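Protein chains in written order, with our numbering: chain A, 15 to 235; chain B, 203 to 267; chain C, 794 to 1034.
Check each hint, because a few of them may be wrong.
What the hints assert, rightly or not - Short derived list, chain C residues pointing at chain A, Cβ under 8 Å: (1) F927; (2) L928; (3) G931; (4) L935; (5) A938; (6) F939; (7) R947; (8) A948; (9) V951; (10) L952; (11) V955.
Honestly, the hints are just simulated from the structure, not real lab data. If you're wondering where the values come from, they're calculated on a predicted model, not measured in any experiment. Every residue gets a Cβ at the ideal spot worked out from N, C-alpha and C, and that includes glycine.
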Amino acid sequence: MMPALELIRRDLRLAWRQGTDVAMVIAFFVLTVVLFPFGVGPEPNILARIGPGILWVTALLAAMLSLDRLFQADHDDGSLEQLVLSSPALPAMVLAKCLAHWLTTGLPLAVVAPILAILLNLGADGFVVLVGSLLLGTPVLSLLGAVGAALTLGARRAGVLVALLVLPLTIPVLIFGVGAIDAALADLSSRPHFLLLGALLAAALPLCPWAAAAALRQALE
Amino acid sequence: MDAMGGFLAMGGYGAFVWPAYGIAAVVLGGLTLTGLRRLRRSEAALSMLADSQASSRTSVRDSAP
Amino acid sequence: MLHRFANPTRFLRVAAALQPWCVGLSLACLAGGLYLGLLRSPADYQQGDTVRIMYVHVPSAWMALFVYANMAIASAVALIWKHPLADILAKNCAPLGAGFTLIALATGSLWGKPMWGTWWVWDARLTSVLILFFLYLGHMALVNAFDDPSRGARAGAVLALVGSVNLPIIKFSVDWWNTLHQPASVLRIGGPAIHSAMLTPLLMMGVAFTLLFVALLLVNVRAEIAERKLRGLRLARAAEV
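All chains should be built: construct the whole structure from the sequences, respecting the hints.
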């Protein structure tokens, strides 16, 4: 328990010191969302219709961008090897790193999203569900991303490669996340979508750290 | 002749059935050709290299006192 | 049995002997299946002649799953027993699997347009097969993204095993969810649900595709073994100088 907490604290401290990393992910999120009105036209009805999809897809892409911070930086300075060799429960360590990653990526995205939703003329019913779906869905992105990041450790063009590997696996999260918001906007219950998002998180929590740990061990052989 | 026309028309669905078989043929044919070419190229290069190594070894032996 | 084929030379000998048989039998089944499927089998009561697309669509879909299963097993063998040929087998399964998946997706689309009225629909079966296609491409990209080929092979092996959760989803998606794609008619409890006049050419095409896959796999694995020998010889030569 203690080593895991220590790890989270260390990662958060590093992220705090390197504040620009987190800021860049948020900036990318904001910038990409802002591009859409220029691309599809500023008509409010169209933006409102595709708004949930835009917010979720860009959140997905922003989450992918920050994955190199997860393992690569530690691998470069040698601390990853230390971590793998010295941990009795590597999946727990991976889970700790995923939590730290989410706190510095998914959580800020969920906080910033409502502001961007105003720019996209999202209906009033959708705001709470938007934040809720992102809060429940972005941890799954961090977990799936950890598996991808571990697999591509040391690869050429690892940034693009990890996105290519992980994005197809995140499609169910995207479907249910947007589905929840659309349901709320149509005055229907978002509960089934949230339940499914919760199920995905429940499945990812034990499986992804284990798979990522296996990939890390293979990478450092 | 008319039977041939009927066969090609596939009950009006010819525009769907034949491209389907065509795509399958192109993809599988492509995989076969690239595979065979790869095998031929690598085995040829390997035998060339093995031959030149064998000949260089014999020439060294001949020139040795 | 596995360990007998750890020796590449022995494997190459067996592969070279096996290859012409696979090719010959495959061509024979292909000819028979095409003849029966295109000429002798009846048109469907509801679907008319479009049902003939089934004779390429279904076998290629079967192969898409079968090749992935092979790739996953080879990957497991490579990771657990470090069998030297398992890595090479897994790596060369991926392009073949991608090809079969592409055929399944394209022919399915061509079948769907006249039958369902749409080229594509985001139901569980089609979406999970599309994800399978991306998994194959991702595997190929991952294995080739490392300067050290054994590192690439290990990463690909882990990816293949992780992605195998997709296989049961594909197979049972038409049972679990209400999808546009029709439910299983051949591999199901209770036996096949289609007429033997259609089942026979379907199975012949399935056998033909399987044998073709084995033949192509042998061709590519032989080529890869030769390529690695080449690289080794060239490196040794450079070291001599």
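Find the hints from earlier in the document that the structure breaks and name them by number, from lowest to highest. Hint check: nothing fails, all pass.
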